[in-house]
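Residues per chain are reported as follows:
There are 2 protein chains.
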Amino acid sequence: MASTPSSRPSPEHIFATLNARQQTAALKTAIELDLFSVIDEGNHRCREIAKRLNASDRGVRILCDFLTVLGFLRKEDERYSLNEDAALFLSKRSPHYMGTIAEFLTDKQHHENLAHLADAVRRGGTTTGRGNNLEPNDRLWVSFARSMAPLTVPTAIYIAQLVGAPELGAIRVLDIAAGHGMYGITIAQQNPKAQITAVDWPAVLEVAKENAAKAGVALRYTARAGSAFEAELGDSYDLVLLTNIFHHFDKETCVQLMRRAHQALKPDGRAVTLEFVPNEDRVSPPREAAFSLLMLVGTDAGDAYTFSEYKAMFQEAGFADTTIHRIPGMPQEVLLSQKS
Amino acid sequence: MASTPSSRPSPEHIFATLNARQQTAALKTAIELDLFSVIDEGNHRCREIAKRLNASDRGVRILCDFLTVLGFLRKEDERYSLNEDAALFLSKRSPHYMGTIAEFLTDKQHHENLAHLADAVRRGGTTTGRGNNLEPNDRLWVSFARSMAPLTVPTAIYIAQLVGAPELGAIRVLDIAAGHGMYGITIAQQNPKAQITAVDWPAVLEVAKENAAKAGVALRYTARAGSAFEAELGDSYDLVLLTNIFHHFDKETCVQLMRRAHQALKPDGRAVTLEFVPNEDRVSPPREAAFSLLMLVGTDAGDAYTFSEYKAMFQEAGFADTTIHRIPGMPQEVLLSQKS
Chain A
1 MASTPSSRPS PEHIFATLNA RQQTAALKTA IELDLFSVID EGNHRCREIA KRLNASDRGV
61 RILCDFLTVL GFLRKEDERY SLNEDAALFL SKRSPHYMGT IAEFLTDKQH HENLAHLADA
121 VRRGGTTTGR GNNLEPNDRL WVSFARSMAP LTVPTAIYIA QLVGAPELGA IRVLDIAAGH
181 GMYGITIAQQ NPKAQITAVD WPAVLEVAKE NAAKAGVALR YTARAGSAFE AELGDSYDLV
241 LLTNIFHHFD KETCVQLMRR AHQALKPDGR AVTLEFVPNE DRVSPPREAA FSLLMLVGTD
301 AGDAYTFSEY KAMFQEAGFA DTTIHRIPGM PQEVLLSQKS
Chain B
1 MASTPSSRPS PEHIFATLNA RQQTAALKTA IELDLFSVID EGNHRCREIA KRLNASDRGV
61 RILCDFLTVL GFLRKEDERY SLNEDAALFL SKRSPHYMGT IAEFLTDKQH HENLAHLADA
121 VRRGGTTTGR GNNLEPNDRL WVSFARSMAP LTVPTAIYIA QLVGAPELGA IRVLDIAAGH
181 GMYGITIAQQ NPKAQITAVD WPAVLEVAKE NAAKAGVALR YTARAGSAFE AELGDSYDLV
241 LLTNIFHHFD KETCVQLMRR AHQALKPDGR AVTLEFVPNE DRVSPPREAA FSLLMLVGTD
301 AGDAYTFSEY KAMFQEAGFA DTTIHRIPGM PQEVLLSQKS
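Top line first, the protein sequences correspond to chains A and B.
Position 315 of the first sequence, counting from 1, maps to 315 under our numbering, and the rest follow consecutively.
Position 151 of the second sequence, counting from 1, maps to 151 under our numbering, and the rest follow consecutively.
Rather than coming from a laboratory, the hints here were simulated on the basis of the structure.
Be aware that one or more of the hints could be misleading.
The list treats identical chains as interchangeable, and a pair is accepted whether it falls inside one copy or across any two copies.
[Claimed, not checked] Straight line, CA to CA, 30 Å or less: simulated DSSO-like cross-link-like pairs of lysine-lysine:
1. Lys92 - Lys266
2. Lys51 - Lys266
3. Lys193 - Lys209
4. Lys311 - Lys75
5. Lys193 - Lys251
6. Lys251 - Lys51
7. Lys251 - Lys75
8. Lys193 - Lys214
9. Lys108 - Lys251
10. Lys251 - Lys266
11. Lys311 - Lys266
12. Lys75 - Lys92
13. Lys75 - Lys51
14. Lys92 - Lys193
15. Lys92 - Lys209
16. Lys209 - Lys311
17. Lys266 - Lys209
18. Lys214 - Lys251
19. Lys311 - Lys92
20. Lys266 - Lys75
With the rest of the complex left out, here is chain A:
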């Protein structure tokens, strides 16, 4: 989280927190308007930016000032420029552009869920009726697959290196609930003999297939449409990827899925989990710990499980050992679970 309490009692932090949704709205809007690219193109004065955006001077000035307060822009002599984060991640001129993540992170479904937080606290789970996440939800997960893909690059490279993908030879990789497919695709890019099988709902798989084609690995990419819990997965895989899936379910359902992964692996195969794994205190690190709230409002019984919880679940599913690996600079962790 970006918030820090002030050092002496003051209503300041309470105010800032109750108003925090303004920050979401301002950044989402700036990305939608493509304001950062417009500034990066050399438009620095309010009037120039407004003209390029076909917007009002007043609106642009107020939005740019707000983004300066938030630290995404700098303002000097009435000229706005991008700070490092904005230049690297929010201008379309950058190869690392990730403005698309705003679409999923600020999706109206999350807003609807958060609006019923009090009910979710009382009930102990979502009140929006989409809670079990075992049925296709094409709109939301296609949005996820399309919008979050740019963010995955550093993580996907980290995972490919961690498992030693380039040196593994002719491996078979199963990507369960593949979404954008980038984790499997990156392994295929690093290892020209790797064969990837991706499982997801049909509409979401289309996004993964597009990404595989763009990455030049389509010939080694097989798509199997269906639920992670019911699809025919095949067997004798070297690696099974389980990225951002367990947090949607209760422990029993997680173990059930781990068992399917266990069954699909070769005797010396490994399951690779990507997750928000908070420390055992559940209140640190901030981003991992905070993730639970979204699972409270959006699922029946999902959670950000701790490492000891994951270890116990993988053990129950038959895995011999699980280790944790923190990804530098990213808010998620990788778990490696050895079948034997």
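Chain B: place on chain A using the hints.
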């Protein structure tokens, strides 16, 4: 603002900002559930708190962990306790309780406005049709008057001291757009000979009259229902209070209201303005600067004006001199304008 950019390029600050609305939802919900009072009563473990709130263990655990991440709670050995801000301002056992401010700050009207920020940037003003703020909006302003009153105490005392209320003898004070009325009421409390006249829409004035009665100054409190721009204000006042009103209007309308205040004052009278007054750069201090965004989405042409802008407007309206006074620990400023 509570957000600070990280020191090296990372998507962390972008993530935190796009997710910031979760902070609003969590604190609003905790206040609604009265979670802070329940902990302050001695319920520290998840199960105890859940039982008292008639809520689920899982929901309470996740909400409390999130509030710990935000810094409102501490968690030690699975026991939650209040931090200083929460104990002082968010427990109903504290005389400084201000949880009511959540109602106005998170009002659905603001959400609706923020949801149309992109349109507001293009147009240069609100797109919700309530923009001129010259018509009564009972629901919103009664909510403001009722919910924001507790927050006014330190500011109201500061203003009463700044104008030297206790030593002024039999003064007459006009409180324009009085709202909760607390600024005038506090002067009446500090000066037993002060007579207060409050102007606001009828439904809002009821709140001010209630507060005057509670404060024991009802006999010296006169209410005049109507618009700040049209009501008969009377004349020969020593002080005219203009608190949180100018930010709703364009400069021309502000000057018009200043002229009415000028006319209502004695020759040596003073206008007292309470406002969000950012520095001339318009991007500091953070809270004052950020306030403009709400005016962009919620008004036709309102703004957080700078001191030089206020000085010029008061001069145009006939005032001799205006000085600025920063309120220690509060995000607003007081302007004193001498009629002559």
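Cross-check of the supplied hints:
no.: 1; hint: Lys92 - Lys266; verdict: neither (43 Å within a copy, 60 Å between copies)
no.: 2; hint: Lys51 - Lys266; verdict: neither (60 Å within a copy, 48 Å between copies)
no.: 3; hint: Lys193 - Lys209; verdict: within (18 Å within a copy, 80 Å between copies)
no.: 4; hint: Lys311 - Lys75; verdict: between (49 Å within a copy, 24 Å between copies)
no.: 5; hint: Lys193 - Lys251; verdict: neither (35 Å within a copy, 69 Å between copies)
no.: 6; hint: Lys251 - Lys51; verdict: between (54 Å within a copy, 24 Å between copies)
no.: 7; hint: Lys251 - Lys75; verdict: between (49 Å within a copy, 24 Å between copies)
no.: 8; hint: Lys193 - Lys214; verdict: within (18 Å within a copy, 80 Å between copies)
no.: 9; hint: Lys108 - Lys251; verdict: within (28 Å within a copy, 36 Å between copies)
no.: 10; hint: Lys251 - Lys266; verdict: within (24 Å within a copy, 74 Å between copies)
no.: 11; hint: Lys311 - Lys266; verdict: within (20 Å within a copy, 78 Å between copies)
no.: 12; hint: Lys75 - Lys92; verdict: within (21 Å within a copy, 42 Å between copies)
no.: 13; hint: Lys75 - Lys51; verdict: within (19 Å within a copy, 51 Å between copies)
no.: 14; hint: Lys92 - Lys193; verdict: neither (33 Å within a copy, 65 Å between copies)
no.: 15; hint: Lys92 - Lys209; verdict: within (24 Å within a copy, 56 Å between copies)
no.: 16; hint: Lys209 - Lys311; verdict: neither (32 Å within a copy, 63 Å between copies)
no.: 17; hint: Lys266 - Lys209; verdict: within (25 Å within a copy, 78 Å between copies)
no.: 18; hint: Lys214 - Lys251; verdict: neither (36 Å within a copy, 55 Å between copies)
no.: 19; hint: Lys311 - Lys92; verdict: neither (41 Å within a copy, 42 Å between copies)
no.: 20; hint: Lys266 - Lys75; verdict: neither (58 Å within a copy, 43 Å between copies)
When each numbered hint is compared with the structure, violations occur for hints 1, 2, 5, 14, 16, 18, 19 and 20.
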